[in-house]
Every structure is written in structure tokens, then in C-alpha cells.
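Trainee: The C-terminal position of the sequence shown is numbered 195 in this note's numbering, with every residue numbered one higher than the one before it.
Worth flagging that the hints you see were computed from the coordinates, not collected in a lab. One should not assume that every hint holds.
[What the hints assert, rightly or not] Taking lysine-lysine and the DSS-like style, the derived pairs with C-alpha atoms no more than 30 Å apart in a straight line are: (1) Lys94 x Lys134; (2) Lys191 x Lys89; (3) Lys134 x Lys89; (4) Lys191 x Lys94; (5) Lys92 x Lys134.
Please read these numbers as outputs of a predicted model, since none were measured by experiment.
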Amino acid sequence: MARRRKTLSPEERALWDHVARQVQPLHPRRPKAQPQKTAPMPDDRPADVPAPPPLAPFTIGARAQDTQPRTAPSDPPVRMDRRAYTRLKGGKLKPEARIDLHGMTLAQAHPALTRFILSSQGQGRRLVLVITGKGSRSGDDDGPIPERRGVLRRQVPHWLTQAPLSAAVLQTAPAHRRHGGEGALYVYLRKPRQG
1 MARRRKTLSP
11 EERALWDHVA
21 RQVQPLHPRR
31 PKAQPQKTAP
41 MPDDRPADVP
51 APPPLAPFTI
61 GARAQDTQPR
71 TAPSDPPVRM
81 DRRAYTRLKG
91 GKLKPEARID
101 LHGMTLAQAH
111 PALTRFILSS
121 QGQGRRLVLV
131 ITGKGSRSGD
141 DDGPIPERRG
151 VLRRQVPHWL
161 TQAPLSAAVL
171 QTAPAHRRHG
181 GEGALYVYLR
191 KPRQG
């Protein structure tokens, strides 16, 4: 229900006008200031220094080098044939050899991986499977400092990008689930050098 606006009676109006004439405003109305034209700032530069060139129009990101979005920072660029890589990721290519590092320590796994990759390349193999395991969920050591799980799963891709293995490895990719899924890695090897 809307409230009706109350109108002042003649006595109330006379009283209001009487009070309003006697009151001093806190902020008297000032006349509106006319916008002043500002003089240009004097140029303080010495006469022999040229003025900087005007900025050219630009758009943000116009000169960005890499415009292709990467799916994840850990995905290596594709260096092998695209069609073969698609078949590899889909689990259509069969690995010629495999090594199971699951259960090994880092000190045991690194030399075993190095021997396996270099000997596989020497035998002319192109695709091998490296099983790292997903990392156990429950550990024997439940001490006060938690131990990171899946250490080999994180470390093996790093080893494959370092010498001497980087010279033998052309491409790595996560294995298809029929070959171990998250707990395995496809390693596509370069052709051995003849000579």
C-alpha cells in the first residue's frame, strides 16, 4: 500500500518559511567555475634533444612467438611422423621390448634404464615400453614426513631428456591403457647411426 504524501497546512508552511530565512547554509552556493584553458606545459628539454617519436598503434600479444597452446607443460613437442605418433598414442603400435622399473630404487633404475635404451637402439629397435608403475598409494613408511609416491614415474621422463639417453630418444608419450596406461611410457628411438 503506497503512502500518501502529506501536504503542509498554511500555518506549517509559514513557520517553515520563517525558519528557512534565518538559517545560514553550511556550504553556500558558489557560482559554477568556468573551465579554464590550460596553457601547454613548457618544454624543459634542451633544444638539441629531439622529441621522442609517437607510439605506433599496437595490440596486446601481436608479437607473441608461440601462438599454439600446449595441452600441458610436460607434453614434449612431436618430433616423429604425425600419423605414426597418432597410432602410438592410440596403442596401435606394438612395443618391440619392455623394461619394468617398478619396485626399483632410483639408484637401481637409472643405470638399468640407460643400458636398456642404448642396447635397444643398438639392436635396431624403434619402439620400447618403459614401465614405471603408478606409485603405490599405501607405503610401508608412514612416518612424520610424508614420502612422495610415483618417484620413478616423474623421474624417468627427465632422465630420457638428458645425455646419454637424449641422443637415442626421438619421442616419448604416455602409454595406452592396454600397455600400462599411466604407469608406463612409450619411448620411440632414433635409428642407430651407421658407420
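Trainee: For a C-alpha distance cap of 30 Å, please report whether Lys191 and Lys94 respect it.
Mentor: Holds - the C-alpha atoms of Lys94 and Lys191 are around 17 Å apart, at most 30 Å.
Trainee: Hey, Lys191 versus Lys89, does the alpha-carbon distance stay inside 30 Å?
Mentor: 20 Å, holds
Trainee: Tell me if the straight-line CA distance from Lys134 to Lys89 falls inside 30 Å.
Mentor: Within the cut-off at roughly 18 Å; holds.
Trainee: Quickly compare the C-alpha distance for Lys92 and Lys134 to 30 Å and report which way the hint goes.
Mentor: 22 Å, holds
Trainee: Sort out whether Lys134 lies within 30 Å of Lys94, counting only the CA atoms.
Mentor: 21 Å, holds
Of the numbered hints stated above, none is contradicted by the structure.
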